[in-house]
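Here the protein sequences line up with chains A and B, keeping their order.
Everything in the first sequence is counted per our numbering, starting at 3 for the first residue and increasing by one.
Everything in the second sequence is counted per our numbering, starting at 121 for the first residue and increasing by one.
Rather than coming from a laboratory, the hints here were simulated on the basis of the structure.
All of these numbers come straight from a predicted model, not from anything done at the bench.
Just so it is clear, CB atoms sit at the ideal spot from N, CA and C, and this is done for glycine as well.
Please note that the accuracy of each hint is not assured.
[Claimed, not checked] One-sided and incomplete, this derived list gives chain B residues near chain A with beta-carbon spacing under 10 Å: (1) D121; (2) A129; (3) D152; (4) A154; (5) N170; (6) T189; (7) Q209; (8) Y211; (9) P215; (10) G220; (11) G221.
[Stated by the list, open to error] With a cut-off of at most 20 Å between alpha-carbon atoms, the simulated DMTMM-like pairs for lysine to aspartate or glutamate come out as follows: (12) K159(B) <-> E201(B); (13) K46(A) <-> E225(B); (14) K162(B) <-> E3(A).
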Amino acid sequence: EVQLQESGPGLVKPSQSLSLTCSVTGYSITSNYWGWIRKFPGNKMEWMGYISYSGSTSYNPSLKSRISITRDTSKNQFFLQLNSVTTEDTATYYCARGYYVMDAWGQGASVTVSS
Amino acid sequence: DIRMTQSPASLSASLGETVNIECLASEDIYSDLAWYQQKPGKSPQLLIYNANSLQNGVPSRFSGSGSGTQYSLKINSLQSEDVATYFCQQYNNYPWTFGGGTKLELK
Chain A
3 EVQLQESGPG LVKPSQSLSL TCSVTGYSIT SNYWGWIRKF PGNKMEWMGY ISYSGSTSYN
63 PSLKSRISIT RDTSKNQFFL QLNSVTTEDT ATYYCARGYY VMDAWGQGAS VTVSS
Chain B
121 DIRMTQSPAS LSASLGETVN IECLASEDIY SDLAWYQQKP GKSPQLLIYN ANSLQNGVPS
181 RFSGSGSGTQ YSLKINSLQS EDVATYFCQQ YNNYPWTFGG GTKLELK
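Just chain B, with the same shape it has in the complex (with noise of 0.2 Å):
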């Protein structure tokens, strides 16, 4: 299985502040990665796939880059609704797997 390795497993961060969370692939996923995020009490939500596409509906203040291995969301102006879990996610190899997940809180 690919190993998915998220940095860190959890940050506190002031509002308008840029946040970075990277993902680390076990091996090269061509790009098949998935963000999402989950705030308390509620199911996971995408955010980006394909490493750099924006799904339907969410803040362009969300971002993801990467290539290869190396992976990152980027949140730019940190709101407070978006205290919550962060998730990648590869879809290159059976079975899909997950990261361990990036706890991000307000500083």
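Only chain A is shown next, with the shape it has when bound in the complex (with noise of 0.2 Å):
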């Protein structure tokens, strides 16, 4: 059964980049889309981007200069790194599998920007 768990700071200061890891067990992440999906208090949720089992990427136009996804195959691991955050980047912050539908899911990271 594929585990999906998030992992980072759950603290970063505005102008600074937010940097979370996304370990994946019982499924190789050189299989199949892995992405990033996001929920905003107040129930909104963003889909962010996703790297694909060969390593290539896609990223939602409203992030595209501040978002970078990239993986460590070795480890299982995928990574998210946005840019430049602002309180409106507070959120909580999932990790998923799925290229079109997400079938498997994090438990979210908890993420709040501020000084």
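With the hints as a guide, dock the two chains, each given alone in a separate frame, to form the complex.
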């Protein structure tokens, strides 16, 4: 059974970078697609982007200049970096498996952007 | 971006009741629609994809329907474990977008 687990700092200062790790067990990230989705206070959800089995990436145009998704296949992990964060990036960040639909999700990492 | 409008934003229903949640897309999404359930403190779980296909392991009291711009999620015989927030998501056009969620509570 695939399991995903997010990890990273829960507090980030404005203008700095947000970095999260998604550790995957039970399934190789060299298969399928692996993405990041965030849920803002108030329930709005936003698809952020994905990294594919081959390492190619696709990002939400609203974030394209600030986001990077990379991976370490030796550790079966993939990563999110979001640059120049503001308080509007405060959200719960989820990693998930899937291209069109996400059929496995991590538990979520709450990130607050505050000075 | 395709805008997904869910209704109602919240609803209260009794055990055993039938519940319907609607999702309206701002343009035709050709049944490229998924429904997710998120229980309090948990991660979202895929319920329905392709508008009406039930994900493995999901109880048959859940069903999806619709076409074009209008879609719905139906829960028959509401159970206590169905208390959750439900989201729709379109995957017809990048970027994938979600509805605002429907919070379902027990009356």
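Checked hints:
| no. | hint | result |
| --- | --- | --- |
| 1 | D121 | holds (8 Å) |
| 2 | A129 | holds (9 Å) |
| 3 | D152 | holds (7 Å) |
| 4 | A154 | holds (4 Å) |
| 5 | N170 | holds (9 Å) |
| 6 | T189 | violated (18 Å) |
| 7 | Q209 | holds (7 Å) |
| 8 | Y211 | holds (4 Å) |
| 9 | P215 | holds (4 Å) |
| 10 | G220 | holds (6 Å) |
| 11 | G221 | holds (4 Å) |
| 12 | K159(B) <-> E201(B) | holds (8 Å) |
| 13 | K46(A) <-> E225(B) | holds (19 Å) |
| 14 | K162(B) <-> E3(A) | holds (17 Å) |
Against the hints set out earlier in the document, a violation occurs for number 6 only.
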